[in-house]
Structures are given as structure tokens and as C-alpha cells.
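Note that the protein sequences, when read in sequence, are chains A and B. Take the numbering used here: the final residue in the first sequence is number 359, and no numbers are missing along the way. Take the numbering used here: the final residue in the second sequence is number 438, and no numbers are missing along the way.
These are calculated hints, taken from the structure and not from any lab test. Treat the hints with care, as some may be off.
[Said to hold, decoys possible] If you want a taste of the chain B side facing chain A, the calculated C-beta under 10 Å gives, among others: (1) 203; (2) 218; (3) 222; (4) 225; (5) 282; (6) 417; (7) 437.
Don't be surprised by glycine CBs; every beta carbon is placed ideally from N, CA and C.
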Amino acid sequence: MASLRCFLRSGKNAVAALQRSGFHSSAPAAVQVTVRDALNQAMDEELERDERVFLLGEEVAQYDGAYKVSRGLWKKYGDQRIIDTPISEMGFTGIAVGAAMAGLRPILEFMTFNFSMQAIDQVINSAAKTCYMSAGRQSVPIVFRGPNGSSAGVAAQHSQCFAAWYAHCPGLKVVSPYSSEDARGLLKAAIRDDNPVVFLENELLYGVPFEMSEETQSKDFVVPIGKAKIERQGTHVTLVSHSRCVGHCLDAAAVLAKEGIECEVINMRTIRPMDTDTIEASVMKTNHLVTVEGGWPQFGVGAEICAQIMEGAAFNYLDAPVTRVTGVDIPMPYAKILEDNSMPQIKDIIFSIKKTLNV
Amino acid sequence: MRNMLSLISNALCRITGRNVLLIDLSELASVSSGEAQIQRLPPEPPPGSDRAAELDSEPVENTTAQVVVSRSFANFTPEVTFSIKKCDVHGLEAGPPDSAVLTRDQGLGFYRSMQTIRRMELKADQLYKQKIIRGFCHLYDGQEACATGIEAAIERTDHLITAYRAHGFTYTRGVSPRAILAELTGRKGGVARGKGGSMHMYAPHFYGGNGIVGAQVPLGAGVALACQYQGNNQICVSLYGDGAANQGQLFEAFNMAALWKLPCIFVCENNRYGMGTSVERAAASAEYYKRGDYIPGLRVDGMDVLCVREATKFAADHCRSGKGPILMELQTYRYHGHSMSDPGVSYRTREEIQEVRAKNDPISMLKERMLHNNMASAEEFKNIDLEIRKEVDEAAHFATSDPEPPLDDLCNCIYHNSPPLQVRGTHPWAKLVSVSNS
Numbered sequence: 001m002a003s004l005r006c007f008l009r010s011g012k013n014a015v016a017a018l019q020r021s022g023f024h025s026s027a028p029a030a031v032q033v034t035v036r037d038a039l040n041q042a043m044d045e046e047l048e049r050d051e052r053v054f055l056l057g058e059e060v061a062q063y064d065g066a067y068k069v070s071r072g073l074w075k076k077y078g079d080q081r082i083i084d085t086p087i088s089e090m091g092f093t094g095i096a097v098g099a100a101m102a103g104l105r106p107i108l109e110f111m112t113f114n115f116s117m118q119a120i121d122q123v124i125n126s127a128a129k130t131c132y133m134s135a136g137r138q139s140v141p142i143v144f145r146g147p148n149g150s151s152a153g154v155a156a157q158h159s160q161c162f163a164a165w166y167a168h169c170p171g172l173k174v175v176s177p178y179s180s181e182d183a184r185g186l187l188k189a190a191i192r193d194d195n196p197v198v199f200l201e202n203e204l205l206y207g208v209p210f211e212m213s214e215e216t217q218s219k220d221f222v223v224p225i226g227k228a229k230i231e232r233q234g235t236h237v238t239l240v241s242h243s244r245c246v247g248h249c250l251d252a253a254a255v256l257a258k259e260g261i262e263c264e265v266i267n268m269r270t271i272r273p274m275d276t277d278t279i280e281a282s283v284m285k286t287n288h289l290v291t292v293e294g295g296w297p298q299f300g301v302g303a304e305i306c307a308q309i310m311e312g313a314a315f316n317y318l319d320a321p322v323t324r325v326t327g328v329d330i331p332m333p334y335a336k337i338l339e340d341n342s343m344p345q346i347k348d349i350i351f352s353i354k355k356t357l358n359v
Numbered sequence: 001m002r003n004m005l006s007l008i009s010n011a012l013c014r015i016t017g018r019n020v021l022l023i024d025l026s027e028l029a030s031v032s033s034g035e036a037q038i039q040r041l042p043p044e045p046p047p048g049s050d051r052a053a054e055l056d057s058e059p060v061e062n063t064t065a066q067v068v069v070s071r072s073f074a075n076f077t078p079e080v081t082f083s084i085k086k087c088d089v090h091g092l093e094a095g096p097p098d099s100a101v102l103t104r105d106q107g108l109g110f111y112r113s114m115q116t117i118r119r120m121e122l123k124a125d126q127l128y129k130q131k132i133i134r135g136f137c138h139l140y141d142g143q144e145a146c147a148t149g150i151e152a153a154i155e156r157t158d159h160l161i162t163a164y165r166a167h168g169f170t171y172t173r174g175v176s177p178r179a180i181l182a183e184l185t186g187r188k189g190g191v192a193r194g195k196g197g198s199m200h201m202y203a204p205h206f207y208g209g210n211g212i213v214g215a216q217v218p219l220g221a222g223v224a225l226a227c228q229y230q231g232n233n234q235i236c237v238s239l240y241g242d243g244a245a246n247q248g249q250l251f252e253a254f255n256m257a258a259l260w261k262l263p264c265i266f267v268c269e270n271n272r273y274g275m276g277t278s279v280e281r282a283a284a285s286a287e288y289y290k291r292g293d294y295i296p297g298l299r300v301d302g303m304d305v306l307c308v309r310e311a312t313k314f315a316a317d318h319c320r321s322g323k324g325p326i327l328m329e330l331q332t333y334r335y336h337g338h339s340m341s342d343p344g345v346s347y348r349t350r351e352e353i354q355e356v357r358a359k360n361d362p363i364s365m366l367k368e369r370m371l372h373n374n375m376a377s378a379e380e381f382k383n384i385d386l387e388i389r390k391e392v393d394e395a396a397h398f399a400t401s402d403p404e405p406p407l408d409d410l411c412n413c414i415y416h417n418s419p420p421l422q423v424r425g426t427h428p429w430a431k432l433v434s435v436s437n438s
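Kindly generate the complete structure, drawing on both the sequences and the hints.
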């Protein structure tokens, strides 16, 4: 029933997810959990576990969250711990960072990361750099979370991907979950981390259900920051991606499997510090690499992967140059046909893989 | 206790005509020290903070006011009530009192504190001109009464954050001149091990030193939020200058502080110039104490340490009583330019600077008050000056002889409490390591 509701809410994404999860009878305690619920549960459990944790942002309390990610938390924890802020990103981000410096553990929600640009000075200069500048005397245990990247029909000012911007800066940790397991485990890890963590969610993933094992539902299940996950084993080509595009990669891999091309799909999970070792080991096995991301190509995540692979041991194992599949290098247009063609589609990934493999 | 002893000894000496009791009393003086020593207990670390262990090994020294006992000790007035300039108020029925009690010990303590800051800043000026200090160096001489007066009115367990003109506060918040100067010269004995520099010095309950104009104000409101959240009756003093007073994020912070009644004292150190721009050229309203609008405000003579102390006490009480934030404008003056690369005379006249020095210098004003009221002798002040000169000279010697941080410290402390990680150096073969402290 939950699956049906999720299907109705998120359309074909849910179908893909269900197909992917096999829908076979697994261990009895495994359940379907949407990314939204996984995030909600993670925050709930961490709020309960540590009194110093609190959530602030626009509409997070009485509205239950602009995207309902914080649903029910204000009712349970009250005004002191779930704080509605005025529309003052620079101000409340500074306030949250100051609170973290003074011993609390804030979770700050940006309604979307586009609005974080108003506050980016506080994220970078006040949060990211402080531990280093103070020679470790002053730590800033804070999580900045919210939807990142493209949504549907929200146009240019509300669709930017900030993975590359934040991952550029030493002092930050940047994570980008794909599945519910990622969302839950990484958010817990982020909240427990004593450093500023930028937690990039995706609005289109919120309603997507994923199967979660009993183990991943336990209160202390944490996904380590800095470790990628191999979602699908393969031998012919390595696909590296993060967030929603991991789903597209898995879809492309399913299609190509029918043609006898086995793709290894790596879900980065963390952008910074990047798990280059896992990518390198995979490339040394498959000899081909395609990166897939929603962000713009120039100076992006894929560009960094290319550079690191080229500088490392895996370069000599490449049988072809690395291919980057990215969003189109334009501000996001509004009209559906234009928007659809601004983002990497499954056919683009398949095309790029075949070109890389020269088939 | 000391006051009583002084009174008794005064009386006895007048009766007997001898200074018989001096020796005994002088011993007592060092044992039962007066309250010029603001309680300098190590602050409680923030909950869950694992910095407690570090507090012991930090180069932070307590700045106890040592009372110099001189031969004519018994003749001094132990305490005087001074009338001080009345504060302008905004949104308040009444302001701080227009008189202040100063004890001899407090006065000598303030003198020592301000003079130490003054000499330390002038030493920094010297070292900068010798190119031993590089980059930014924003000096605080002229504004000493602000830092000293504020510290006199708050507890060490309260919190303070300021902008880049921070050396004075770094000192009043407990960091020694040697650790400050060594940070300016970029040595490993600096308070931030040479990693931070002039604008990034930290201490328990002191959050710097911040380089981005205005950013420290919301940070300070956040610290106040943490105080309120933890219910520890502590407050945060969040300072900014007349230049920063026009930053939008201040008004965002004011709004939230007032809305949530955060225990935050916002302090505008108005030294009349934001870099090279005078207040008249920068602000449609230069009445900074009113700019908090719905937040009550005080305008205070920032050159008089007693005014600053009384106003801060008033403000602290306001915050601690749950009334929410309050704004204090301290009218002060900096003798140096904006920074060491600004001679400071292209946008103001030398006459103006000289006039402030002659008529309004905070250190001279305090000294004259005390001498005029027989609270201390000229010789005592001279001795204090000599001690401070020695301390600052030794600090400078340390700051110029201590080694620079070792190269293998380059990448450390990017993260806190994290496993070691590899950091890319300038080329792919430079594989550096970052270790965090935990």
C-alpha cells in the first residue's frame, strides 16, 4: 500500500525503484522506506540521542518542513529544538554556526541549496575554515542540509547543483545520498561528525521508496563519510555517479545488460573527501570510466574525477579517455521539453558508454 | 577585607605617626588579594566539548592584577566614587548610573590591562615596520577602555566575539602577550600555532578574531542562542565597528535576537572611521545605538573605562534578566590607521588625532583620576609601566625567536576528531597528511 502511494506520488521513479529492488521476498524485517521518511527518522533518532542536536530553518517546525522532511518533529520536540526562522539565510546561518561553536550541534535546513548562496560566506569562512585557522581549538559541528540540484519545472534560479562549489573547499565534508539507506546512514554520520557537513539531498528523490534491511533501520546504523558504494558489479565499464543520477546509471546498466555489456555502478555517497580508491580499483578492473552528474560540466565533480584518475595508478589501465556525462552548460530552462533535454537522460548515458567502449 | 585593613592601618598610622603595620599588611596584601582580580577561573568547556584537556596545555595565562605595595601604601584612598558621563538611551526608561565606584585595586588593574594592550600594540607596530609581522595588522591603541571595561563587567564564563581589530580582546579574554605576538609573527608558539594570524586568535569563550566584516555579529547571536538553549545564565558580547554597522546580516541577527530574546549584547565600537570612510559618509544615520530599532540602546563614552564598565554591567543585567538583546554604542577612537598599511592621515587630520590623545586618552584619564584622588602614587604607575615594558619586550623576544611551525603541521587540523587523511600537495607526487586533534 505504501508502495502504491509512493508510486502515485512519484510516478515512474517509483516503478524503476521497485523494479530495481527486485521486489522479491527478502528478510521479513526489510521494508520499503522513502528517502523523506529515512531522513525524518534519522533526524528524530539523533534528536533523541543527543540533547545538543537541534534543527533550524524556514518552515521546519510548524509547517512540518517545506518538503515535509521534518514532519512531526516540532510536535515531538517543541520550540526549543525545532526552530522556525525568518527569511534571513545569512543571519540564521551565522547564528547556527555560532551556536555550533558554543557547543550545540545544529542541523540547518536550507529550503534549497540555491538559497545557501546568500549565506555561503558563513558556510565557508565561518564554518569550514575555523578548525584550521584556530589550529584545532575551535570546532564547528554543524550539518547544512537541503535539496540540491534540479527539480521539476522550477527553472533557472532554483535548479543549480552546488556539489562542485562546496566540494572545492577544504574544511567541509560534502555528502550526496542516493537511496534511503544512504540518506539515513549518511545523515546520522553527518550529525555525529564534529565538522561542518554539507548534506545534498534531491527533491525528486524524497518520495522514492527503497528497500531497507533490518540492519539499516537500527538506531546506530551509520554510513561512513568518505566511502563509496558499489551498487552493481560489472566488468566492462565503470559508471561513477552521485544522488539521483545513480538511479539513471542503474537503469542504463539494466538496459545494457541485455546487450551483454556489464556496467559497474559506483554510488559516490561522499563527494568530499572523495573515495578515489574505490573508483581506481574499479577502473583497473574495467578499463573504462564514465562519470554521470546533474551539475554543469565545467570545473565539476566529473572534471575532478577525471583529474584524479589521470594523476593516479588507474590511468595506465584506461583503454579510452574518461567520458563525463553532465547537465547541459546552460541555466535551467522552464519548458518541459527543454528541461528534459538539459539533464542527462538514460539514453545519453547509454550513448556515452557505447562511445567509450567503441561499440 | 583589604579595605578594612587599610582603613585601620590608616587610622593607626595617623595616631602613631609610624608605618608600623606595613610589613604585616604587605604580606596580607598578596594573600588576600582584593577584587581587582576579576575571578579568573578556568571556564567550563561547552558541553560535550573535548577541549577540556587542551585548556591545561594552552599558552593562556591569567592576567591577575598584582598590587604593587609601596612604602606609602597606607595613605592611599581605597575607593572613590566618580561621576561619569551619562549615557544616551534609546528604548529605555533609564540607563546606567552616572556615577561609578572605583577601588584602588580595580583602578590599578584597569591601568595594567590597558597599558599592556597599548604597549603590545605599539610593539606590534614596531615589528610590522621591521617586516617581522606581515599581512594584516589592525591595531587597537586608543580603544583600550572598551576591551578592559567590558571584561570588567562580564564573567570569564560569558562569551565574546569581535571582528579583526582583536588583539586587545584576545588579551582581556586571557591570552598572554607572548602568545599573541608569536601568532602575529607566525610562530608555533602563537595562540593558533601560527595558522591563524592577526585576525584568527581564539581562546575559551572567545570566538576570535573574524576577518569578514559583520559576519561575527550573527555568530555572536548564535553563541547567545546556545547560552539560552543550555540555560546557563551566560551571555554573549558581540562586537562590530561603525563600518560593519551597515551590513545587512546585522539586521537579520538583530531581528532574530529580539524575536527569540537572545542574551546578546551587541556592541558597536564607533571609532568614527570605517577604514577611510568617516561615519558621515557611510551612514544615513550615525546614531548607531538607535539602529537596533526595537532593540534598546545605549550610547557610551568609550574612552572612559568606568563608563564602559557601568554600561556593560547594565547591559549584562538586562540580558540575564531575560529581556532579550541590547545594543551599546561605544564612542571611541583609534590612533593608528585602519591597518598598518594605512597611515591614517589622508581622511583625518593629525590635529584631530593629537587632540584625542591630549584630552581623551583612556589610560591618561584613568591615571590622572587616580593620582588626583590619591589612589596611587606616580611611582607605582611608573613601576607598572616598567613591568609591562619588560613583559612585552620578553614577549617580543619570544615572538621573534620562536621557530616557525614545522612543515609537517601544514595540513593538520582541517577537521576535528577525524581519522587522518591524505591531502594533495602542489603536485600529484606531493602526498601530504592531515591529522586532526581530538
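Going down the list of hints, with the structure as the test:
The beta carbon of residue 203/B is positioned within 10 Å of a beta carbon in chain A (closest approach about 8 Å), and the interface hint is therefore held. The beta carbon of residue 218/B is positioned within 10 Å of a beta carbon in chain A (closest approach about 3 Å), and the interface hint is therefore held. This hint holds: residue 222/B has a C-beta 2 Å from the nearest C-beta of chain A, less than the 10 Å allowed. Checking residue 225/B against chain A: minimum C-beta separation of about 5 Å stays under 10 Å; hint holds.
A cut of 10 Å between beta carbons decides the hint on residue 282/B: the least distance to chain A is about 20 Å, and the hint is violated. Annotation: residue 417/B was flagged as interfacial toward chain A, and the flag holds, the nearest CB pair being 4 Å apart, inside 10 Å. Checking residue 437/B against chain A by beta carbon gives a least distance of about 4 Å; that is within 10 Å, so the hint holds.
In this structure, only the earlier hint numbered 5 is contradicted, and the remaining ones agree with it.
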